[in-house]
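J.: Residue strings, one per chain:
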Amino acid sequence: KQEVTQIPAALSVPEGENLVLNCSFTDSAIYNLQWFRQDPGKGLTSLLLIQSSQREQTSGRLNASLDKSSGRSTLYIAASQPGDSATYLCAVSLISSGSARQLTFGSGTQLTVLP
Amino acid sequence: NAGVTQTPKFRVLKTGQSMTLLCAQDMNHEYMYWYRQDPGMGLRLIHYSVGEGTTAKGEVPDGYNVSRLKKQNFLLGLESAAPSQTSVYFCASSYPFREQFFGPGTRLTVL
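Chain order of the listed sequences is A and B. Our numbering puts the first residue of the first sequence at 1, with every later residue one more than the last. Our numbering puts the first residue of the second sequence at 1, with every later residue one more than the last.
Okay, chain A solo, but in the shape it has when bound:
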């Protein structure tokens, strides 16, 4: 069974700092990996999707990398801002999960950016 782990569970940084969030998964036969942010009491907002054939994806100040062989992904946030404060979740879909490509989620990293 695929397990997805995110460490640390919580992270607090001063505004302007660059930071890296980590995600690891046990089964490397993934179809894709998706990063989300979740604000308190809200739904999930998709940030980046990396297909298994890709090494990284970028959107604005966000850069996500994928290393399938080591079962790891990182989300890099440049020049962090207080508005980046949220819980960040990674999720993977397995090739074996069938046509729906069901997602398996990590428990998330709660990020606080201090002004």
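Just so you know, these hints were derived from the structure itself, not from any lab. All values derive from a computational prediction rather than experimental measurement. Every residue, glycine too, gets a C-beta built ideally from N, C-alpha and C. Worth double-checking, as some hints may not be accurate.
Unchecked claim - Lysine-lysine pairs mimicking DSS-like chemistry, simulated, CA-CA at most 25 Å apart:
hint : chain 1 : residue 1 : chain 2 : residue 2
1    : B       : 71        : B       : 57
2    : A       : 1         : B       : 71
3    : B       : 71        : B       : 9
4    : B       : 9         : A       : 42
5    : A       : 1         : A       : 68
6    : B       : 57        : B       : 70
Said to hold, decoys possible - Output of the computed footprint for chain B on chain A, the stretches with three or more beta carbons under 8 Å from beta carbons of chain B:
hint : stretch
7    : 12–18
8    : 72–81
Unchecked claim - Taking beta-carbon pairs under 10 Å as the criterion, some of the chain B residues facing chain A (in silico):
hint : residue
9    : 2
10   : 44
11   : 77
12   : 92
13   : 100
14   : 107
Model the placement of chain B on the given structure of chain A, informed by the hints.
T.: Below, chain B without anything else, positioned relative to chain A:
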């Protein structure tokens, strides 16, 4: 575009009562999903659908039923609610093999 919407936003039930949660999407997505989110457990897939008229079980389907009579709607039913079903429920939709888009969630409390 409204994206993915969920009705209701909040609900309190007594044990044994039934209810239906409605999910609607206006993005013409083929695939739709129901998840539940619990502290310490993360998000877990309940049921999903790969097209109108088709549904399948996810990781935690017991106690729930679903229907997809129209492409844009995916209903989640609880026939006899239990306190263990207290959770936040999220609906999502996607094109095949593409990123999933989530609704705002329904917070359900079963007393």
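J.: With reference to the structure, classify each hint as holding or not holding.
T.: Hint check:
no., hint, result
1, B/71 - B/57, "18 Å, holds"
2, A/1 - B/71, "31 Å, violated"
3, B/71 - B/9, "22 Å, holds"
4, B/9 - A/42, "11 Å, holds"
5, A/1 - A/68, "16 Å, holds"
6, B/57 - B/70, "18 Å, holds"
7, 12–18, "violated (count 0)"
8, 72–81, "violated (count 0)"
9, 2, "13 Å, violated"
10, 44, "8 Å, holds"
11, 77, "20 Å, violated"
12, 92, "8 Å, holds"
13, 100, "6 Å, holds"
14, 107, "8 Å, holds"
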